[in-house]
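Build the complex from these two chains, which are given one at a time in their own frames, with help from the hints.
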Amino acid sequence: MTSIDYQQTRRFKLKKFATEGAGRLIIFLIGSVVLWAFISAFVVERPDRYLPSPLSVILSSADMLYKGSLLSFYSDTLFRLVFGGSIGILIGIPVGLLLGLNRTVADMFYPLLNFFQSVSGIAIFPVIVIWFGNSDTTVLIVILYTSFFPITFNVLSGVRAVPVRYIQAARTLGASRMQVVRDVLLPGAMPSIAVGTRLSIGFAWRAVIAGEMLAGRPGLGNMIFSGQEFDNTAQIILGMVMIGITWIVLDHFLLRPLEADTIERWGLVQR
Amino acid sequence: MTTLSKVSIAIQKRFGRQRLRKTILGSIPFIVLISLWELNTHFVWFEPIEIPPLSHVWEAIFFLQSDCPGFVAAFEGHYECQLSNHILSSLGRVVLAGVVGIPCGIAFGILAGMNRVVSGYLEPVGIFMNSVSGIAWIPLAIVWFGVGWETTLFIMLNTIFWLIFFNTMMGVRAVPKVLVHGVQTMGGSYLDTIRHVYFPGAMPAIITGMRMSLGFGWRALIAAEMIGGDSGLGFMIFVSAVEFKTEEVFLGVILISLIYLISDRWMLVPLEKWTIERWGLVWKPT
Chain A
-8 MTSIDYQQTR RFKLKKFATE GAGRLIIFLI GSVVLWAFIS AFVVERPDRY
42 LPSPLSVILS SADMLYKGSL LSFYSDTLFR LVFGGSIGIL IGIPVGLLLG
92 LNRTVADMFY PLLNFFQSVS GIAIFPVIVI WFGNSDTTVL IVILYTSFFP
142 ITFNVLSGVR AVPVRYIQAA RTLGASRMQV VRDVLLPGAM PSIAVGTRLS
192 IGFAWRAVIA GEMLAGRPGL GNMIFSGQEF DNTAQIILGM VMIGITWIVL
242 DHFLLRPLEA DTIERWGLVQ R
Chain E
330 MTTLSKVSIA IQKRFGRQRL RKTILGSIPF IVLISLWELN THFVWFEPIE
380 IPPLSHVWEA IFFLQSDCPG FVAAFEGHYE CQLSNHILSS LGRVVLAGVV
430 GIPCGIAFGI LAGMNRVVSG YLEPVGIFMN SVSGIAWIPL AIVWFGVGWE
480 TTLFIMLNTI FWLIFFNTMM GVRAVPKVLV HGVQTMGGSY LDTIRHVYFP
530 GAMPAIITGM RMSLGFGWRA LIAAEMIGGD SGLGFMIFVS AVEFKTEEVF
580 LGVILISLIY LISDRWMLVP LEKWTIERWG LVWKPT
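Residue numbers (the numbering used here), protein chains in the order written: chain A, -8 to 262; chain E, 330 to 615.
None of these hints come from the bench; they were simulated from the model. One thing to keep in mind: the hints can contain errors.
With a cut-off of at most 27 Å between alpha-carbon atoms, the simulated BS3-like pairs for lysine-lysine come out as follows [stated by the list, open to error]:
| hint | chain 1 | residue 1 | chain 2 | residue 2 |
| --- | --- | --- | --- | --- |
| 1 | E | LYS506 | A | LYS4 |
| 2 | E | LYS351 | E | LYS335 |
| 3 | A | LYS6 | E | LYS506 |
| 4 | E | LYS351 | E | LYS506 |
| 5 | E | LYS602 | E | LYS335 |
Pulled out of the complex, with its shape left as it was, chain E reads as follows (with noise of 0.2 Å):
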């Protein structure tokens, strides 16, 4: 047995040799594509102006960064750091609208699924307020707080809040009626039961609420940015493409896709499927 086979052997113990294939095998067609854009700079295809060099994207970091007094500056959010403060006021609206809109979604969304003509009622308004899609609100949303981070925080925050607000008002009527009153004839309070059956009962339903305002509403953020704002990595891709600058758009993209992959995959998918194996009893797929 040669030393090769046996690394090769000790690889494939380690890490499984399923998902060993698996990534091999995937990561197939994205190197593909990363060498054809790298042939594209040779043999010229397609003009740079339409395709930029991949080292230009690259080097497009270093030249929005490139007045940056420091790593400190760049999160005091220095004006200099063109390309983080892109990225942090994105995310920070992300993180501001998430604060203030799921607490609130939560708590609105339990109130009206308890009483169920109240729901009853309250299901259309959340079934419109979804489908009015968070992009429709930008011209209205510029009318009312003008060009600016407002309005931007405004349209993630709309989406967020009745997205969170619908999913955990089916969330808690799917809950059954039987462990409501269970925990009644045990002397339980209103209290008890929203801290004890109506909250985790909701749970599953209010993290699929949570991946999917994510999903929705980072889109619709950088529609807003991009129409009705003025900073945000959807504002700079949006600027850049005006003045022909393609490295810079091509380097947003990634950018938007990175963080969104990132924390889907990373944060709310492992939560997910962590929160349906431990209050999953009343609702389980499959």
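In isolation and in its complexed conformation, chain A is listed as follows (with noise of 0.2 Å):
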């Protein structure tokens, strides 16, 4: 018997398709929901206050989504993140460039973008809601300043790596300071903006979660805080089921490819 028949055989193919790829996930994903739907019938008192199985949990989406309720928060949530996330990383790419350009301005910025960086947006909401009320505004600014800070350092950081001996090289052949930025500067920093855009936009989604919470402004996050309030469970996990294969699709499937094609195809200047 070689190699090759044993490859051939039925029972290969099966433990091939169980152990890789899809299949895999397949099987992963009935598993947990019989082991949910077992813990939830057999080992919880009270299942639906403490943890809903997974029919009542479709049963509350398809109520949700008869309802429209479901769409309308789902949606009012990708549109805060996609609006206060775009503009935060429209603004912060030019500005860490501009910042970028000078190394003494470089210098004396770096530190204070580090510093607001660590400052979480969830920290200042209070303060913002002193400002502004509990109102639509306050989860923007909320939004904004997640990922504004985030994607300022990385390209701040990004063009201040890009080695010195490439804009002279590029000055000696008589570029002009526009062509240095757009030739050099611009992609040498192309990895380190593909890097923090991710980041920015992690850090805005989970902003987004939170401002719509505390502030009680309809959404996801609201949709959750108020299962919790009227005792709905299965509203909770559905909206948490949501939440996380949102930011799987969104991670996964755009941010992750993004940010390995731009380095494969800008990161020369990082190595």
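Written as structure tokens, this is what we have:
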């Protein structure tokens, strides 16, 4: 018996399907839902209060879909994330580039940006509430804040990391200041712009959820928070699953490939 | 040569010219910000209820601690020492969650990472649990444990455990099989491979996981204390904001960021550097 024969057997194919790729994911999903249903049915007392079964979560989602509230909550949250996040990033990239142009200015603002990157948006939330009240503006400002600082800080350090040799080479070949920015600094900072974008969106996503909970604006965060207030645990779990899946889709299918592609394409300078 | 230039040269030699330049330049924006803040109290561009005077923020420390009987009582958690109680209760949760969460995360992470099939199944669990950010667990934690310290501890523990578990698992999986086989060929047992290969090999990933879990965990803890806590810095700033005691809010925000910065930059970053230098054979950045 050669190994080729073995590889064609049904048992081998089954084993391969069960341990790799999509098959593994399907088996894992079915397994975890069965485990969840088992725990909810036999382990937990009062499952509808502490851990509702998968079926009741699906029923709750159908109910909310029928009423239209689920989609409106979801679109509110996504809109906040996209709107606030993109404004923060679109302001952050030019600011980071401008600050990075001059070594003195860059050294000056590096610790400041580093400090504000560490001050979480959730911590300044009460301050913003005092200034603007429990409004949509408050949530938006918190998102802007959380997305602006990581990207600016990353762009600044990315521009600084471009070797001076490349700038000097471009200058020697007669490039103007604009050309240096366009052809050397911007491509050189590309990988850190990608890394910063992913970081910014990651922090902004957490800030959206927390902001909606604290300010009580309609959205996924408020959906799970009101689920707790009205003893509707199925709604909480539904919201959590949606939050998790949205972030996985966003991170693994949009931001990570973007980051990997950017580093592959522009990452020469960083090495 | 005047005395002044002699002193300046001596200082530059002592601390290093570049470092001195960076420190002084870096402090300029902070000085400008603080002086703008101070000017605001004189010219009142913004009302004190919106931006409190710097001196009020400083006095808030003593106001909150005013009835504290003494230094020892502050550590024992006397109920009159409000500020130190809030700080200690936040820090206590971080320490407690770390003491429980880090060893558990490392142990399960190594066990799961040693087997390729098991780790393949558990990888989506880790990704999902890290994606449902700590904050999203707060309502469910309130349902399970009620408002109080259990909820906030659970949020912190949850964040720490899954990040450490996932990072350890990935770190263990990245250890080249050749090294494991090498130890086994020379007669090493399973325990030996864990002690001498997997654990040191995963060490840089574990430390990175610790840094990440402090970063995400601290944020989640503050949010948890605001929503479902009854003590801690997050609780303090939230209650003060409701009562419009802006100076206490500012004090709390500054304390929260300082505690995070000090623990991250002075404890975890040097630890990370040292670990990568010492054990970074297997996995080296740059």
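Is the Cα-Cα distance between LYS351/E and LYS335/E 27 Å or less?
Holds - the C-alpha atoms of LYS335/E and LYS351/E are around 21 Å apart, at most 27 Å.
### Task
Below or equal to 27 Å on CA atoms is what counts here, so check LYS602/E against LYS335/E.
violated (36 Å)
> If you draw a straight line from the CA of LYS6/A to the CA of LYS506/E, is it 27 Å or shorter?
Replying inline: Status holds; Cα separation ~22 Å.
Pair hint outcome, LYS351/E versus LYS506/E [Cα-Cα no greater than 27 Å]
violated (45 Å)
Satisfaction of hint between LYS4/A and LYS506/E, Cα-Cα up to 27 Å: Between LYS506/E and LYS4/A the Cα gap is close to 25 Å, so the pair holds against 27 Å.
Hint check: violations occur at hints 4, 5; the rest are consistent with the structure.
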